[in-house]
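Novice: Each chain, written out:
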Amino acid sequence: MTSRAGVHASGRGAGAGGDAGRVVPAYALTRGRTRPNGAELPLESLVTSTDLARRNEASLQMELRTIVALSTRAASVVEIGAALRVPVGVARVLVGDLAAAGYLKVHLTSADRGESGPDRETLRRLLDGLRAR
Amino acid sequence: MDYAPADPRTSRTTGATTTGATTGPMSAAAGAEPQLMSLKILVAGGFGVGKTTLVGSLSEIPPLRTEQEMTELSIGVDDVSATPDKVTTTVAMDFGRITVDEQLILYLFGTPGQDRFWFMWDELAQGAVGAVVLVDLRRIDSCFPAIDFFEDRGLPFAVAVNHFPGTPAVPTDRVRGALAVRPDCPVVVVDARDPVSSLTALVALVEHALVRTPS
Numbered sequence: 001m002t003s004r005a006g007v008h009a010s011g012r013g014a015g016a017g018g019d020a021g022r023v024v025p026a027y028a029l030t031r032g033r034t035r036p037n038g039a040e041l042p043l044e045s046l047v048t049s050t051d052l053a054r055r056n057e058a059s060l061q062m063e064l065r066t067i068v069a070l071s072t073r074a075a076s077v078v079e080i081g082a083a084l085r086v087p088v089g090v091a092r093v094l095v096g097d098l099a100a101a102g103y104l105k106v107h108l109t110s111a112d113r114g115e116s117g118p119d120r121e122t123l124r125r126l127l128d129g130l131r132a133r
Numbered sequence: 001m002d003y004a005p006a007d008p009r010t011s012r013t014t015g016a017t018t019t020g021a022t023t024g025p026m027s028a029a030a031g032a033e034p035q036l037m038s039l040k041i042l043v044a045g046g047f048g049v050g051k052t053t054l055v056g057s058l059s060e061i062p063p064l065r066t067e068q069e070m071t072e073l074s075i076g077v078d079d080v081s082a083t084p085d086k087v088t089t090t091v092a093m094d095f096g097r098i099t100v101d102e103q104l105i106l107y108l109f110g111t112p113g114q115d116r117f118w119f120m121w122d123e124l125a126q127g128a129v130g131a132v133v134l135v136d137l138r139r140i141d142s143c144f145p146a147i148d149f150f151e152d153r154g155l156p157f158a159v160a161v162n163h164f165p166g167t168p169a170v171p172t173d174r175v176r177g178a179l180a181v182r183p184d185c186p187v188v189v190v191d192a193r194d195p196v197s198s199l200t201a202l203v204a205l206v207e208h209a210l211v212r213t214p215s
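Protein chains in written order, with my numbering: chain A, 1 to 133; chain B, 1 to 215.
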């Protein structure tokens with residue numbers, strides 16, 4: 001295995017960077033999984049918490065509760081990772097678990113749909129929105 | 001769930017024909033809820049050219065830094081089949097957010113400048129609106145790898161010359177020539193610290209992407 005200077009390379013299940021201030025290694029949250037059971041969500045995938053999540057929030061472990069709270073307003077996988085101070089891969093696994101349990105609704109991206117990019121209508125909306133700023 | 005292959009590189013090369021979203025709890029049919037959608041634009045360019053600054057001046061949230069793990073095999077290890085345990089590499093990445101309208105959210109990703117992290121761009125580029133390639137005229141060649149990457153992938157991009165104080169003004173036509181980009185590639189001059197100025201790069205990119213997108 002190559003080892004690159006200046007690059008943090010760690011084995012599966014080891015805490016991968018960003019563990020500053022964290023007592024438990026980030027991957028302990030996912031029980032060592034680096035891949036979600038279900039979807040490999042794009043970084044920009046938006047999720048929103050469901051009624052089911054709000055009803056059962058109290059029973060969730062702290063990190064999952066935080067995700068449900070963050071997702072009251074649409075939040076992306078990458079934002080959730082940053083908020084929890086865990087690598088994106090960990091956020092993906094946790095978000096995937098919550099979605100599979102029906103606690104999060106995942107909103108599709110053009111990457112999800114296998115499209116090369118957004119369609120014209122979406123680009124027009126984006127352009128209008130940017131110009132209005 | 002019948003989702004795309006887990007390896008981001010694989011999902012890219014196979015065109016990511018993900019259909020799993022139509023079934024299962026991940027989809028939760030739209031119903032009466034608004035159809036939220038996110039888009040992404042990449043901010044690329046050489047190391048230290050001002051990518052983080054540009055993302056920061058455009059973002060409505062304080063720009064955040066996240067970490068993305070990538071498997072070593074994506075970097076070109078010769079024999080991946082002999083490597084049962086993938087080793088992950090952690091790459092820092094900046095991102096910002098712009099709420100375009102109630103249901104449309106744009107994410108900006110400041111991509112790592114180091115050449116050895118190109119593998120990461122494939123995943124980021126998938127489904128992206130396009131890229132802003134930030135250029136420092138004092139080190140113009142540092143953006144060449146980014147331009148090559150987006151040209152190879154057919155991803156729309158706009159060139160934004162980050163105009164640092166003390167840099168002599170250069171006509172955009174000469175920049176276009178020096179970069180050897182296509183005549184229709186937008187070239188704008190921005191001050192990455194200024195939100196209004198930085199926004200012109202995004203607008204130029206989206207206009208360009210719109211022209212290139214078939215109806």
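If you are wondering where the hints come from, they were derived from the structure by calculation, not from laboratory data. Just to be clear, a hint being listed does not mean it is correct.
Claimed, not checked - To be clear about the criterion: a stretch of chain B counts as covered by chain A if any three or more of its residues have a C-beta under 8 Å from a C-beta of chain A, and this derived list gives those stretches: (1) 35–48; (2) 126–138; (3) 141–149.
Claimed, not checked - Calculated Cβ distances over 12 Å to all of chain B for the following chain A residues: (4) E40; (5) V47; (6) E63; (7) A69.
What the hints assert, rightly or not - To give an idea of the chain A side of the interface with chain B (calculated C-beta under 8 Å), a few residues: (8) R54; (9) A58; (10) V88; (11) G129; (12) R131.
Ideal Cβ placement from N, Cα and C applies to all residues, glycine included.
Novice: All hints are to be evaluated individually against the structure, with a verdict given for each.
Specialist: Now for the hints, and whether the structure bears them out:
1. Counting residues of the region 35–48 of chain B whose CB falls under 8 Å from any CB of chain A gives 6; the rule of at least 3 is met.
2. Using a Cβ-Cβ cut-off of 8 Å, 5 residues of the region 126–138 of chain B lie near chain A, which meets the minimum of three, so the contact claim holds.
3. For the region 141–149 of chain B, the stated coverage by chain A is violated: 0 residues have a C-beta nearer than 8 Å to a C-beta of that chain, whereas at least 3 were required.
4. Once the 12 Å rule is applied to beta carbons, E40 of chain A is inconsistent with being away from chain B; the minimum gap is 5 Å.
5. Non-interface call for V47 of chain A relative to chain B: violated, since the shortest CB-CB distance, roughly 9 Å, does not exceed 12 Å.
6. Non-interface call for E63 of chain A relative to chain B: holds, since the shortest CB-CB distance, roughly 16 Å, exceeds 12 Å.
7. The Cβ of A69 of chain A sits about 16 Å from the closest Cβ of chain B, beyond the 12 Å cut-off, so the non-interface label holds.
8. Hint on R54 of chain A is violated. Least Cβ distance to chain B is approximately 15 Å, over the 8 Å limit.
9. Residue-level restraint check for A58 of chain A is violated (minimum Cβ-Cβ distance to chain B is 21 Å; threshold 8 Å).
10. Annotation: interface hint on V88 of chain A holds; nearest CB of chain B at approximately 5 Å, less than 8 Å.
11. Using the Cβ-Cβ criterion of 8 Å, the hint placing G129 of chain A at the interface with chain B is satisfied: the shortest such distance is roughly 3 Å.
12. With a least beta-carbon distance of about 6 Å to chain B, the hint placing R131 of chain A at the interface is held under the 8 Å criterion.
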